[in-house]
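There are 2 protein chains.
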Amino acid sequence: MSENNKIPYKIYLSEDEIPKQWYNVRADMKNKPAPLLNPGTLQPMSFDDLRPVFCDELIKQELDDTTPYIDIPKEVQDFYKMYRPSPLVRAYCLEKALGTPAKIYYKFEGNNTSGSHKLNSAIVQAYYAKNQGLKGVTTETGAGQWGTALSMASAYLGIDCKVYMVKVSYEQKPFRREVMRTYGASVTPSPSMDTEIGRKINAEHPGTTGSLGCAISEAVEVATKTEGYRYVLGSVLNQVLLHQTVIGLEAKAALDKYNITPDVIIGCAGGGSNLGGLISPFMGEKLRGEKDYRIVAVEPASCPSFTRGKFAYDFCDTGMVCPLAKMYTLGSNFIPSANHAGGLRYHGMSPILSQLYHDGYMEAISVEQTSVFEAAQQFARVEGILPAPESSHAIRAAIDEALKCKETGEEKTILFGLTGTGYFDMVAYQKFNDGEMTDYIPSDEELAKSFATLPKVDLLS
Amino acid sequence: MSENNKIPYKIYLSEDEIPKQWYNVRADMKNKPAPLLNPGTLQPMSFDDLRPVFCDELIKQELDDTTPYIDIPKEVQDFYKMYRPSPLVRAYCLEKALGTPAKIYYKFEGNNTSGSHKLNSAIVQAYYAKNQGLKGVTTETGAGQWGTALSMASAYLGIDCKVYMVKVSYEQKPFRREVMRTYGASVTPSPSMDTEIGRKINAEHPGTTGSLGCAISEAVEVATKTEGYRYVLGSVLNQVLLHQTVIGLEAKAALDKYNITPDVIIGCAGGGSNLGGLISPFMGEKLRGEKDYRIVAVEPASCPSFTRGKFAYDFCDTGMVCPLAKMYTLGSNFIPSANHAGGLRYHGMSPILSQLYHDGYMEAISVEQTSVFEAAQQFARVEGILPAPESSHAIRAAIDEALKCKETGEEKTILFGLTGTGYFDMVAYQKFNDGEMTDYIPSDEELAKSFATLPKVDLLS
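Heads up: the sequence lines are chains A and B, in that order.
Residue numbering for the first sequence follows the numbering used here, beginning at 1 and increasing consecutively.
Residue numbering for the second sequence follows the numbering used here, beginning at 1001 and increasing consecutively.
Source of the hints: derived by calculation from the structure; they are not laboratory data.
Since this is a predicted model, take the numbers as computed values, not measurements.
Since no wrong hints were added, every one of them can be taken at face value.
Simulated pairs of lysine-lysine, DSS-like, Cα-Cα distance not exceeding 25 Å:
{"no.": "1", "chain 1": "A", "residue 1": "Lys20", "chain 2": "B", "residue 2": "Lys1010"}
{"no.": "2", "chain 1": "B", "residue 1": "Lys1010", "chain 2": "B", "residue 2": "Lys1412"}
{"no.": "3", "chain 1": "A", "residue 1": "Lys81", "chain 2": "B", "residue 2": "Lys1096"}
{"no.": "4", "chain 1": "A", "residue 1": "Lys10", "chain 2": "B", "residue 2": "Lys1074"}
{"no.": "5", "chain 1": "A", "residue 1": "Lys96", "chain 2": "B", "residue 2": "Lys1074"}
{"no.": "6", "chain 1": "B", "residue 1": "Lys1130", "chain 2": "A", "residue 2": "Lys96"}
{"no.": "7", "chain 1": "A", "residue 1": "Lys10", "chain 2": "B", "residue 2": "Lys1020"}
{"no.": "8", "chain 1": "A", "residue 1": "Lys74", "chain 2": "B", "residue 2": "Lys1006"}
Let the sequences and hints guide you as you build the complete structure.
Here you go:
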């Protein structure tokens, strides 16, 4: 214990210690993640196939599964200094409140205006777009964290940003929309009447409130049809996980400073960007056989891609204009139950994480949202941060681990990712505060129905 | 410039460098701030007079104008470690965007759940209440930052917290309310029917949407009539400025590390808690004749206590149940115009700052809200923080100073206080984004009317 007392509440690296390279975990994977497929030809997407959609440099990163370290451009390094290094926090107050012998650490990514880790990749994608001489970028956003991050990054670099925001979020989260507008982005509710796919979806489903998959289709269509624009995505893709490794690299460097080795590493999983970013450097050691860690993905019981999905090729979007990815998926038309308030609602999962999970390098659990909000509230009251519902999935799992330690007396070291703040999620908190939050677990029949729509393209698997 | 390059974007002190004592600027003031007066007897409030309202230890601090340094309790020091030291940021990106030779620094207090500096005093007041064996505290809140901070501090310490929230804010800011509820506070719209003064105000002004002065009256009434409760206040009082000196002490320590001396120090001013906290240690040097600094208070043109108010004894609240304070005031029934969205709406001003201003130790300017939001937007786009409207008053003034330097070529060093984030102020941002924000400057006649209500008690001045 005397040694522990020396560990500060918050471990900050110095500015010089912000990573200068991202770590590409694919380089250390024996079984590489399966390639993206062209939805027309079912052949692996080539560099040229991807050029109408993504920036050149990002395609290189997307396809590169051999280079272990990739340089972070100087301009991005400078931007990172604006809000990084992020603190690695020792949760002394939570430990005390739980009465656990476990040592809990969390890497907090919420101290920037996007309120989340999303800015780590947004600035990179906006930078490469600008560097390639483009006018702007398009994207989709659901809850709004990614859209906010991209708006901020685009404003900083002086490029245009068009956000397609899932209509139900656009209407229910006007404040998120206003943050993006303050950063100069145009925000359009999706499905809109601006795009072919939007008009088609509106015609087929009058009054639809939209979905993430549908907003992706719109944003991709606009990018490919507008001169000087490309599409960018906030999760799932290999390139995004690569950028997010700044989280894990900083966390590891901070722990190493104090000779701390986590026993278990926990992250919430929607598309996988935060989880992948946090665990990559630790996973690298595990893949190379240097060290062992328990690594746990936490997902909502109402959108359980890892724990109940299929490992199969599927569309990334509803409009089926995007490449196919091999991943754990619930089917591209799966939409979580209307009572689901806790984020992490994407039907699929990062191909990198899917492969690692398939190969047994990590575990996954699912948790129900009322228990997630209970954990969020408990955490907020003692740690002084109002967590995002997404992040609170990881809090739930970390608290449960710590309570197990209380039973067994084990002094485990737990590291989890606290991806962001919940200031724009107060409608969900209100439901919880009013005792009106409910849980939902999709039935096997419901999942079977959405699995039935999976494309029959598992030729390459 | 080579020297500047060594200064990081964010200067963090270590945990050990968080102040262990607050600095009491009154000890160095030749003309002490005038004492609070008992509204019944017009005599200075004694320790015993104040006991029904405030905690004993806080009364001692309120009345102590001679002890220069006051110990911060160990428990508060530990709590401070949860979110302090706060960063002192070099605004490299803003400087570049402005093209100014000025060097701009800001002390950022928004990285905690209250989203502002208010937590610095909330934890202290809640701590002394608990330490005195009390059950809970009552307070008022307008925009909600103070109420959130006190809810958080009370939840952490396990005492009850009753917040009277100005009715118009309660209705227009349901999310702020939910944050407080998440922290377990009870939140009542004011004027309520729970208190004598609330019932009286509701009867006299049916349909009133409340005011800060009225919510103060209610909170004080409940505290004095409920066994085991005391009232706490988030600004204006000497004790609050004392606690907020952690801001200035940290800022000064961080600047001293790099041998930086600010030429001008800028803070926004509502009741004065942030401004007083930021400037105190610098003001101390100025009062002792050791150094000179330009110190500038920035207030809204629609609520201009310093620049157009009277230096006189006035009530702190509408119900006239609180002591009288000698301060710059617009009259206790002054309410800013309905179009005012920018916070800082209190009619009076800290007696300490009022005396210092009166004695010529600081300047004050007023700014209009559309120009404040322009500055906020410009700042957000390059510095990556969405500032609170209140804080943006200081940003406006800092940008204007930096632009003057651009004209003259002077390389002035500017320090300003960035008190918090604007995530709960998106209605105001939306008005600005939609081009619907307007300005308002009260006429001389309007002010004359509210000055006419000032009590005739300037006997002691």
